[in-house]
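**Q** Residue numbers (this note's numbering), protein chains in the order written: chain A, 1 to 353; chain B, 1001 to 1353.
Read the hints as simulated data drawn from the structure, not as lab findings. Since the model is a prediction, treat every value here as computed from it, not as a measurement. From the three backbone atoms N, C-alpha and C, an ideal C-beta is built for every residue, glycine too. Among the hints, erroneous ones may be present.
[What the hints assert, rightly or not] DSBU-like mimics (lysine-lysine), calculated; alpha carbons at most 35 Å apart, straight line:
no. : chain 1 : residue 1 : chain 2 : residue 2
1   : A       : K124      : B       : K1124
2   : A       : K302      : B       : K1302
3   : A       : K124      : A       : K302
4   : B       : K1124     : B       : K1280
5   : B       : K1302     : B       : K1124
[Said to hold, decoys possible] A few chain A residues that face chain B, going by a derived Cβ cut-off under 8 Å, partial list only:
no. : residue
6   : I104
7   : L108
8   : V111
9   : M131
2 protein chains.
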Amino acid sequence: MEWYFVAALLTILTSSQVGILTTLSQSNGGYKYDYATVPFLAEAFKLAVSGLLLWRECQNSSPRRMTTEWKSVRLYPIPSIIYLIHNNVQFATLTYVDTSTYQIMGNLKIVTTGILFRLFLQRKLSYLQWMAIVLLAIGTTTSQVKGCGESSCESLFSAPIQGYMLGILSACLSASAGVYTEFLMKKNNDSFDMDALLSYITNFQVDSHNHKVHADILFGVIFNMARLILDDFTGGFENGPWWQRLLNGYSITTWLVVLNLGSTGLLVSWLMKYADNIVKVYSTSMAMLLTMVLSIYLFNFKPTLQLFLGIIICMMSLHMYFAPPSMLVDLPSTEKSASENLNEVYVERRTDS
Amino acid sequence: MEWYFVAALLTILTSSQVGILTTLSQSNGGYKYDYATVPFLAEAFKLAVSGLLLWRECQNSSPRRMTTEWKSVRLYPIPSIIYLIHNNVQFATLTYVDTSTYQIMGNLKIVTTGILFRLFLQRKLSYLQWMAIVLLAIGTTTSQVKGCGESSCESLFSAPIQGYMLGILSACLSASAGVYTEFLMKKNNDSFDMDALLSYITNFQVDSHNHKVHADILFGVIFNMARLILDDFTGGFENGPWWQRLLNGYSITTWLVVLNLGSTGLLVSWLMKYADNIVKVYSTSMAMLLTMVLSIYLFNFKPTLQLFLGIIICMMSLHMYFAPPSMLVDLPSTEKSASENLNEVYVERRTDS
């Protein structure tokens, strides 16, 4: 519980910086560097850090058994492939709806994560927890409602039906990647192993406890490199091959973006060791709200009523989801002993599942 | 429980019509009639209807005992006096804040009602029920957030501190009038009686079961008449005394407004017989949201995202407050018997208070 909390807090703090640093790295409202190189370098950073951690771990422990079974290995690129499809659905959605509608629809991901979490990870949620999940989505949406005085009015209810369908598909894809990763990480640890493939490619002796994170990261590096190469081809090598323009226009802030994006990724992996997708969804939402609050101070954004309301709604949702049910529904009473007995029953029921 | 539900539903339906009919009764964006005469006639309508009901009741039953004790009688004008003070605080608040900020602050009333309800009526609320009350206030506020494209931008965070203090005072006053009325209505029925005063003034034989409603209404008529007379004096009798301009410019719609306002008042009194201030607050909020939804169809208002979000938030709050706690926190489980036992414990605990 303690590590779970530390990991969640660190994830919130780091990931809330990503957006802010990205904004700070702009000059005159644009990027001097190729933004596609940032995720690639972040993935490379993740691979380096986790490789280092592994290496140190292996120094202190005996090597573990490995499997090279294709049946196991082939499961690993799936999240990366889902994200790749998701990216394309994203572009398709944006041909039907505007960006603010797209952003609003993105909150559906919270609900679809809950549903897939229930369906595929067989996790039981109480009615109140379902309400909390929906409320979190409502809270993040509320904070994003366009205020008065903003130039463009969202055409949220007037987009073609295809836009909404694609938005739902996008939310499902993005949620399924997260739930699938959790499924891989929490799946019976002994049944399959990526050590062989990883050590073959990266020359690291891979610890069975950490390897799933690395497989993910490795595929992340590969897919991001593929994207850069694709950009080269679609752009007709105008700016030279990707490795030549990799660090073009990089400032200290850009490097901080890379480091931040990388550490957020590592922290989320670390968080997923102790927690689950719902905790991840809450962390992401809190990070988003923290970014918005920090932006008020850093970029002189005007505080809006909807942000304030959204924060309260999300905090209540957090309470509803994580507080012990007995604390929530017990009436203040002088019969302390009776209420305490009940608490125990509930805590037992809760920890069972 | 059944009457409670019917009364709440009727209250919601009638009071949602008030705003709509009032808008429909306007011609060229203004009122042809003196709006101050509407509440007076509505109070008179209430007095007539409740008098009729009382008269019929008295025909069927033997006359009850009466008390003329000043100690009891003097408690009755208090809600009307509180509303009078409230009206003045309202005007003072509006010198510091704009109307949309005032409207937003009005939602504080929901929270202050909960607090006063707890403090003065000694009603125990669970942590979840407190959250539900706050959430209801958040929901109604969300539905009122000014959308993009609206001309004036609310200066919600920039009003002078006096504006906020007066807003809080206003919320406390309005809540205390409601809680006080409930206190009067639910107070030990035998301890005091208004029958004497009422029958003295109205020549009705007053039933001890209904008299509290009538006392309220009677004072309503008196205070509204006082307001009309005050208007006469401040206006220097420009349009003649109030009884001459009483029905000036009245159309069928205006009469419908009067009838609607009157029946809403009677329904709320009826509701308070079965329910409490929290139910009233929920009914009022639901009526407000229903008015907003109906306005979309009737007046071609554009549906906003914030209204949609507000409705979902209020519905969830409704569930959180009224659903049996066991239903909310129980995890879906195959051990039916164990969960059912727990339900019983909770239901018992709930009904105790």
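**Q** Look at each hint and say if it fits the structure.
**A** Hints, one by one, checked against the model:
Of the supplied pair hints, the one linking A/K124 and B/K1124 holds, its CA atoms being roughly 30 Å apart against a limit of 35 Å. Simply put, A/K302 and B/K1302 have alpha-carbon atoms about 25 Å apart, close enough for the 35 Å limit, and the pair holds. The suggested pairing of A/K124 with A/K302 is violated, with an alpha-carbon distance near 41 Å, which exceeds 35 Å. Our distance criterion of 35 Å between C-alpha atoms is met by B/K1124 and B/K1280, whose separation comes to about 17 Å.
Between the alpha carbons of B/K1302 and B/K1124 the distance comes to roughly 41 Å, so the proposed pair goes past 35 Å and is violated. With a least beta-carbon distance of about 7 Å to chain B, the hint placing A/I104 at the interface is held under the 8 Å criterion. Among the interface hints, the one on A/L108 is violated; its C-beta lies about 13 Å from the nearest C-beta in chain B, farther than the 8 Å criterion. Because the closest C-beta pair between A/V111 and chain B is about 12 Å apart, greater than 8 Å, the hint is violated.
The beta carbon of A/M131 comes within 5 Å of a beta carbon in chain B, closer than 8 Å, and the hint placing it at the interface holds.
The structure fails to meet hints 3, 5, 7, 8 from the earlier list, while all remaining hints are met.
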